[in-house]
Amino acid sequence: MSELDKLFNRRLSRGQFVKLGAVAAGTTFLAACGGDDSSGAASGSIEDEPGNLSVLEWAGYEYPAYGGKGATGVLQSYVDSYAKPTYTFLTSDDQALGKARAGSKFDLVHPCVSYVQDWVDLGYVQPFDTSLLTNFDKLNPSLVENSQIDGKQYFIPVDWGFSSVMYRADKVEPDGEVSWNLFYDDRYKGKISWWDSPIENFLIWGYTIGQFDAYDWDNWTDPVLEDAKKFLIEKKKLVRNMWSSQTDFDTDVANSNVWIGYAWGGSFKAAKDAKLNVVYADPKEGRLSWNCGFVLGKDTQNYHHAHAYVDQWISAASAGWIIPNYYYGHTNTTVDTSAVDPELVAVFKLDDPTALDEAHIEQYVPDRRRFAKAWDEVKAA
Amino acid sequence: MGTAGLVLPPTLWLAVFFLVPVGISAAYSVGALSFFPGEAALSLDGWRDFLDGSAYLRLFWKSVKIALIVSVASILLAYPVAYYIALCAPKRKYVLLLLIIAPYFVSYFLRILAMKVILGDQGVINSFAYWTGLRAQDDPIPGLLYSQTTVVITLVFVFVPLVALPIFVSLENLDRRLLEAATDLGASRFTAFRRVTLPLSLPGVMAAFVFVFVPTLGEYFTPLLVGGTDGFLFGNSIADLYGASQDWQTGSVLSLFLLFMIAVLMAAFARFISLRSVAAN
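So the protein lines, in turn, are chains A and B.
For the first sequence, our numbering assigns the number 381 to the last residue and increments by one with no breaks.
For the second sequence, our numbering assigns the number 1281 to the last residue and increments by one with no breaks.
It is worth saying that the hints were derived from the structure and are not from the lab.
Hints may be right or wrong, so weigh each one.
So, partial list: chain A residues that the calculated Cβ filter (under 8 Å) puts toward chain B [stated by the list, open to error]: (1) SER92; (2) GLN95; (3) LYS99; (4) VAL120; (5) GLN126; (6) PRO198; (7) ILE233; (8) LYS236; (9) VAL239; (10) ASN241; (11) ARG369; (12) ALA372; (13) LYS373; (14) ASP376; (15) ALA380; (16) ALA381.
Derived list of chain A stretches under chain B, where covered just means 3 residues or more per stretch with a C-beta under 8 Å from a C-beta of chain B [unchecked claim]: (17) 217-223; (18) 242-250.
Mimicking DSS-like on lysine-lysine, the simulated pairs with C-alpha atoms at most 27 Å apart in a straight line are [stated by the list, open to error]: (19) B:LYS1116 - A:LYS272; (20) A:LYS171 - B:LYS1062; (21) A:LYS99 - A:LYS171; (22) B:LYS1093 - A:LYS379; (23) A:LYS236 - B:LYS1062; (24) A:LYS236 - B:LYS1065; (25) A:LYS237 - B:LYS1116; (26) A:LYS229 - B:LYS1065; (27) A:LYS99 - A:LYS84; (28) B:LYS1062 - A:LYS189; (29) B:LYS1093 - A:LYS189; (30) B:LYS1116 - A:LYS236; (31) A:LYS235 - B:LYS1065; (32) A:LYS379 - B:LYS1091; (33) A:LYS349 - A:LYS269; (34) A:LYS269 - B:LYS1116; (35) B:LYS1093 - B:LYS1062; (36) B:LYS1093 - A:LYS237; (37) B:LYS1065 - A:LYS230; (38) A:LYS229 - B:LYS1093; (39) B:LYS1062 - A:LYS230; (40) A:LYS237 - B:LYS1091.
Glycine is no exception: its CB is placed at the ideal position from the N, C-alpha and C atoms.
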């Protein structure tokens, strides 16, 4: 046993423990000072509320960038009736959780479904009262069901989309049927971009190299995860960049820095807008998919405002706006897609309510830190 | 207002925005606080895993190497500029100084993004290489973008103006009579520089080194934007641990370790940069 091991394995004496705990207790107290046990549950009416709705939101999903301004604006009637919400922007679900853990208070947050359990575990959210949402019965029932926890509607699903391989058709020739294996193709060394996300990179390995249902977490034993880690470390040399912001990836594609990459629908739109010859693939192992929506802050003082705001988001008008503008799907099934570009509808299966059934839809990750640690080791190698 | 009145506000500021966060980080690092409620359990496992040859520790030494390269390169590039402005251009020195710091009128983010435009496969340098026939189309100069080299180039570009300032100040305050005396005693210009100018400007050089080395050691943003898979540094690991990993315990361990190492470094440099010499400058 090394000296280091001896140092750390030594049991702490009562005195040492108390000293160590003194700092902890002090800081715990300080952290707790910001806490508030009062819950903003439904009471009174919307007129009794302050109306200063605060939303932790993705850039581009805020009024008026989302839905436009004026009579046809998706969120306009909410703004006209009450007030423009205050937005704080998030760049990832993890960052949003971190902000919440650090003490920031929001009435609404726009996470993705695989993180809802984390929000519940954090004690930050409360269930919605779906009777206050006039458009709730128009939502895709499978997405609604997928987002319930213990039968409670902590999450209102809104936008969804696919994650898949996008490649330049004029530069890349897939070997046979298109596969996620393009990410590991030696022929395109230096022209590949992965998403800097721990879970998805292991999932892709699982579905391709591992040949198993990667969303069945029981399959991820320590030796399997170790194999995946070693493989990704070896293949990392093919990768030009791991993008953490979609804009970075879009810029890299537009500037021909990369030809193959992990992409959402928005990147396909950006590449098409740049007049690039790109393919949004339907890999033989299946696309991954995501579904985001709203969770309601436990301490909200704007309970009714929050419901009114979400109701606008899940309206058919909202669905009709997001599809042609962001190339994302919407959970409102009453949307008319006849006016949307047919190529777009076909590529993203926007007229097919069961489209997500064929993809690997994102799910809660019970041991996220284990994957994250392995992924950090891949990046640090 | 007495001395206490003057000292109290900065002391309070330091306590609230430095000591308390450090204390909270310390509590996280030993498991006294946890990300999710109910997970807290006192343990030194985070420290043990980190110090016992973890990937993070190797990454720290990689960051030290990059920080050293960036610091030395920045000083080597900035010194001649500062020398020229301070000693060779007395009438135009403030105009030149303004030009040197002009990049700081543009945001840090934009300056880094500008490097992507310059160093990209269709960027200024590669386009020139394609145009002159030095490189074939679709065969850009390797490693120009998304590499450790890119991180070094970008950070040097960012830091050179900052580094030039303390060196300029130390050279500007140089007693010129010493240089005249050296010349009178038969020293060549190079000898006068080596024996008089350089030693007397060392406090400025050391200050410049610290100005670059310390922020580069914890640098996160530049590697994220232009580092690619090869440019991942210690600061990026800290950001990941607080972000995607939701592992605030290990993140706090890494943060405190970085803070400790910087404190040690500052103590070492305090021997070279006395407060008196900084005040004199």
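Structure-based check of each hint:
Satisfaction of the interface hint for SER92 of chain A is found here, the shortest Cβ-Cβ separation to chain B being roughly 7 Å, below the 8 Å cut-off. Against a cut-off of 8 Å between C-beta atoms, the interface hint on GLN95 of chain A holds, since the closest Cβ of chain B lies about 5 Å away. Checking LYS99 of chain A against chain B: minimum C-beta separation of about 10 Å lies over 8 Å; hint violated. A cut of 8 Å between beta carbons decides the hint on VAL120 of chain A: the least distance to chain B is about 10 Å, and the hint is violated.
At its closest, the beta carbon of GLN126 of chain A sits 15 Å from a beta carbon of chain B; the interface hint therefore is violated under the 8 Å criterion. A hinted interface residue such as PRO198 of chain A counts as satisfied when its beta carbon comes closer than 8 Å to some beta carbon of chain B; here the least separation is about 6 Å, so the hint holds. A cut of 8 Å between beta carbons decides the hint on ILE233 of chain A: the least distance to chain B is about 10 Å, and the hint is violated. Of the supplied interface hints, the one on LYS236 of chain A holds, with its beta-carbon coming within about 5 Å of a beta-carbon of chain B, less than 8 Å.
The restraint placing VAL239 of chain A at the interface with chain B holds, with a minimum CB-CB distance near 5 Å, inside the 8 Å limit. With a cut of 8 Å, the hint placing ASN241 of chain A at the interface with chain B holds, because the nearest CB-to-CB distance is about 5 Å. Hint status for ARG369 of chain A: holds, given a least beta-carbon distance of 5 Å to chain B, under 8 Å. At a threshold of 8 Å, the smallest CB-CB gap from ALA372 of chain A to chain B is about 4 Å, leaving the interface hint in force.
Because the closest C-beta pair between LYS373 of chain A and chain B is about 7 Å apart, less than 8 Å, the hint holds. For ASP376 of chain A, the shortest C-beta to C-beta distance to chain B is roughly 6 Å, which falls under 8 Å, so the interface hint holds. Interface hint at ALA380 of chain A: satisfied, since its Cβ lies 4 Å from the closest Cβ of chain B, which is below the 8 Å cut-off. Interface restraint check for ALA381 of chain A: the shortest CB-CB distance to chain B comes to about 7 Å, inside 8 Å, so the restraint holds.
Counting residues of the stretch 217-223 of chain A whose C-beta sits closer than 8 Å to any C-beta of chain B gives 0, which falls short of three, so the coverage hint is violated. Counting residues of the stretch 242-250 of chain A whose beta carbon lies closer than 8 Å to any beta carbon of chain B gives 3, which reaches the threshold of three, so the coverage claim holds. The suggested pairing of LYS1116 of chain B with LYS272 of chain A holds, with an alpha-carbon distance near 22 Å, which does not exceed 27 Å. A hinted pair counts as satisfied when its Cα atoms are at most 27 Å apart, and LYS171 of chain A with LYS1062 of chain B does not qualify at roughly 35 Å.
Proximity of LYS99 of chain A to LYS171 of chain A is assessed by CA-CA distance (about 41 Å); at most 27 Å being required, the pair is judged violated. Proposed proximity of LYS1093 of chain B and LYS379 of chain A is contradicted: the alpha carbons are some 46 Å apart, above 27 Å. Restraint check for LYS236 of chain A and LYS1062 of chain B: satisfied, since their Cα atoms lie roughly 18 Å apart, inside the 27 Å limit. Among the hinted pairs, LYS236 of chain A with LYS1065 of chain B is consistent with the structure: their alpha-carbon atoms are about 22 Å apart, no more than 27 Å.
A hinted pair counts as satisfied when its Cα atoms are at most 27 Å apart, and LYS237 of chain A with LYS1116 of chain B qualifies at roughly 20 Å. Our distance criterion of 27 Å between C-alpha atoms is met by LYS229 of chain A and LYS1065 of chain B, whose separation comes to about 26 Å. For the proposed pair LYS99 of chain A and LYS84 of chain A, the alpha carbon gap of about 22 Å is at most 27 Å, so the pair holds. The straight-line distance between the Cα atoms of LYS1062 of chain B and LYS189 of chain A is roughly 24 Å, inside the 27 Å bound, and the hint therefore holds.
As the CA atoms of LYS1093 of chain B and LYS189 of chain A are separated by approximately 49 Å, the hinted pair breaks the 27 Å bound. About 21 Å separates the Cα atoms of LYS1116 of chain B and LYS236 of chain A, which keeps this hinted pair within 27 Å; it holds. Between LYS235 of chain A and LYS1065 of chain B the alpha-carbon distance is near 25 Å, which keeps this suggested pair within the 27 Å criterion. At roughly 51 Å between alpha-carbon atoms, LYS379 of chain A and LYS1091 of chain B are farther apart than 27 Å, so this suggested pair is violated.
A threshold of 27 Å between alpha carbons decides the hint, and for LYS349 of chain A with LYS269 of chain A the separation of about 15 Å falls inside it, so the pair holds. The suggested pairing of LYS269 of chain A with LYS1116 of chain B holds, with an alpha-carbon distance near 22 Å, which does not exceed 27 Å. Pair hint LYS1093 of chain B plus LYS1062 of chain B does not hold up; C-alpha atoms about 38 Å apart against a cutoff of 27 Å. Taken as a hint, the LYS1093 of chain B and LYS237 of chain A pair is broken in the structure, with Cα atoms around 47 Å apart against an allowance of 27 Å.
Our distance criterion of 27 Å between C-alpha atoms is met by LYS1065 of chain B and LYS230 of chain A, whose separation comes to about 25 Å. Proximity of LYS229 of chain A to LYS1093 of chain B is assessed by CA-CA distance (about 56 Å); at most 27 Å being required, the pair is judged violated. A threshold of 27 Å between alpha carbons decides the hint, and for LYS1062 of chain B with LYS230 of chain A the separation of about 21 Å falls inside it, so the pair holds. Only pairs whose Cα atoms come within 27 Å are accepted, and LYS237 of chain A paired with LYS1091 of chain B is rejected, the gap being roughly 53 Å.
Going through the hint list in order, the structure does not satisfy hints 3, 4, 5, 7, 17, 20, 21, 22, 29, 32, 35, 36, 38, 40.
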